[in-house]
Amino acid sequence: MKKLNIQLITGIFVMLGVAAFTYQAVTIGGVSFTAQPGYTLMARFDSISGLREGAIIEAAGVRVGTVSAITFDPDNYQAIVSLRINEGVPVSEDATASVRTQGIIGEKYIKLSQGGFPDMLGDGMEISATESAISLEELVGQYIFSSKE
Amino acid sequence: MQRAIESLGANVIASLERTGRTFNLMLLVLWELVQPPYRFYPIVRQMYFIGARSMVLIVASGVTVGMVMGLQFYNILERFGSVDLLGSGVALSVILELGPVMTALMVVGRAGSSITAEIGIMRITEQIDALECMAVSPHKFLIGPKLIAGVLSVPLLTALFDFVALFGGYFVGVVMFGIGEGSYMNGMIDNVEWSDVRLGLVKSVIFGLLVTLICCSRGFYMHLTKAGSEGAEGVSSATTDAVVLSSISVLFSDFLIGALF
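Going line by line, the protein sequences match chains S and U.
Taking my numbering, the leading residue of the first sequence gets 1, the next gets one more, and so forth.
Taking my numbering, the leading residue of the second sequence gets 1, the next gets one more, and so forth.
Read the hints as simulated data drawn from the structure, not as lab findings.
There could be a bad hint or two in this list.
Some, not all, of what chain S presents toward chain U, calculated at C-beta under 10 Å [as the list claims (entries may be wrong)]:
1) Asn5
2) Ile12
3) Ala19
4) Ala20
5) Thr22
6) Gln24
7) Ala25
8) Ile28
9) Gly29
10) Gly30
11) Tyr39
12) Met42
13) Ile56
14) Ser68
15) Thr71
16) Phe117
On a predicted model such as this, the values are computed, not experimentally measured, just so you know.
C-beta atoms are modelled at their ideal positions from N, C-alpha and C, and glycine is treated no differently.
Isolated chain S, as found in the complex:
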């Protein structure tokens, strides 16, 4: 009886612990054991300052994917961003990808705006129209230096 009780309580303890960890990992940490079906697009930016891997991609304010990788292109001095787009979200050839900020000091994310072309981009293709991150400092700098002239 004593032995059984110990085993029972330890079993309950292990189950509770594993359940709590799984909750954290899956719900809060966002681990999915089955990869979300989707495809990857590339985009080149002159500046992505502040964008991180795992950042959100939004279209019309709806989350449609995540940034899967960020690499640096030393030849053109540009950032190459891999965009993992969910299945069932078509992106036309002349769509625009822009780096935007949530709120004024919030996190950076990528905003997709659909274009008018009928042809859609497939896996591994590149979004050619991009808008870099808007830097408040640069804007202020431009304003100051242009007003001097």
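Starting from the known structure of chain S, arrange chain U on it as the hints suggest.
Then chain U, alone, in the frame of chain S:
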């Protein structure tokens, strides 16, 4: 003057010896654990002692810590008008820092001290020598199950602590102060990445190993230190030593892990 330098040197040598013995013990125990025969029931019993019986304490302290965090973060964030960040603030600080550290400290206080006392008393009453006489390896029989149970239990307890702390914060933020439920939960979900959860897990595994190892080795090698000749008083000072040392090493290694990863 020479005395002072001598005693400094003696202390340094003694603490280096203790550290070396602790790591030696870990390697010995691990080496003997990979060899058959394997016995699982002692591990279950130790997990019951270290883990299952700490559950109530961990849940109680987790809720309290979560509520305190909710309260303090709310007061700070309210000044900047960004109470929406409450969820992510509480979740990140609990999962990354407070969960693993608080759980490890609780385990030190509840289970670590009694591990040292138990093994220390077995040492001074020559029960460990008796085990060796019977060709039972005390490393494998005594310390092995405790070490495995510590490494398994502390992460599980940490997961429980994190879970209830998040809902303690939820209670304060959403129920008491009326932040939107969605902004609390989604702030948490958006800002906590798998890498954060993983770092918390790695920390808690390392803390579990450290705490049980230090507590076991303090008791096991009691006869080699000054405390060994003092009988019951020696057990009490070895226990105090073990608690202090394992708490400090948890806090310091928390900083090291945080700085390295």
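**Request:** Classify the hint on Ile56 (chain S) as holds or violated, based on whether any CB of chain U lies nearer than 10 Å to its CB.
**Result:** holds (8 Å)
**Request:** Hold the hint about Met42 (chain S) up to the distance rule: shortest CB distance to chain U must be less than 10 Å.
**Result:** For Met42 (chain S), the interface hint is violated, since the closest Cβ of chain U sits about 23 Å away, which is over 10 Å.
**Prompt:** Can the hint on Ile28 (chain S) be confirmed by a CB-to-CB distance to chain U that is less than 10 Å?
**Reply:** holds (5 Å)
**Request:** So, Phe117 (chain S) near chain U? Judge it on the closest CB pair being under 10 Å.
**Result:** violated (32 Å)
**Item:** Interface hint for Gln24 (chain S), Cβ within 10 Å of any Cβ on chain U
**Value:** Hint holds; Gln24 (chain S) Cβ to chain U Cβ min 5 Å, cut 10 Å.
**Prompt:** Taking the least C-beta to C-beta distance, is Gly29 (chain S) closer than 10 Å to chain U?
**Reply:** holds (4 Å)
**Message:** Does Ala19 (chain S) hold up as a contact with chain U if the rule is Cβ-Cβ below 10 Å?
**Reply:** Nearest chain U Cβ about 8 Å off; hint holds.
**Message:** Does Gly30 (chain S) hold up as a contact with chain U if the rule is Cβ-Cβ below 10 Å?
**Reply:** holds (6 Å)
**Item:** Interface restraint verdict for Thr71 (chain S) against chain U (beta-carbon cut-off 10 Å)
**Value:** This interface hint is violated because 19 Å lies over the 10 Å limit.
**Hint status (Cβ of Tyr39 (chain S) to nearest Cβ of chain U, threshold 10 Å)** = violated (22 Å)
**Item:** Status of the Ile12 (chain S) interface restraint (C-beta, 10 Å, chain U)
**Value:** Since chain U brings a Cβ to about 7 Å from Ile12 (chain S), closer than 10 Å, the hint holds.
**Item:** Hinted contact Ser68 (chain S) with chain U - closest CB pair below 10 Å
**Value:** violated (13 Å)
When held up to the earlier numbered hints, the structure conflicts with 11, 12, 14, 15, 16 and fits the remainder.
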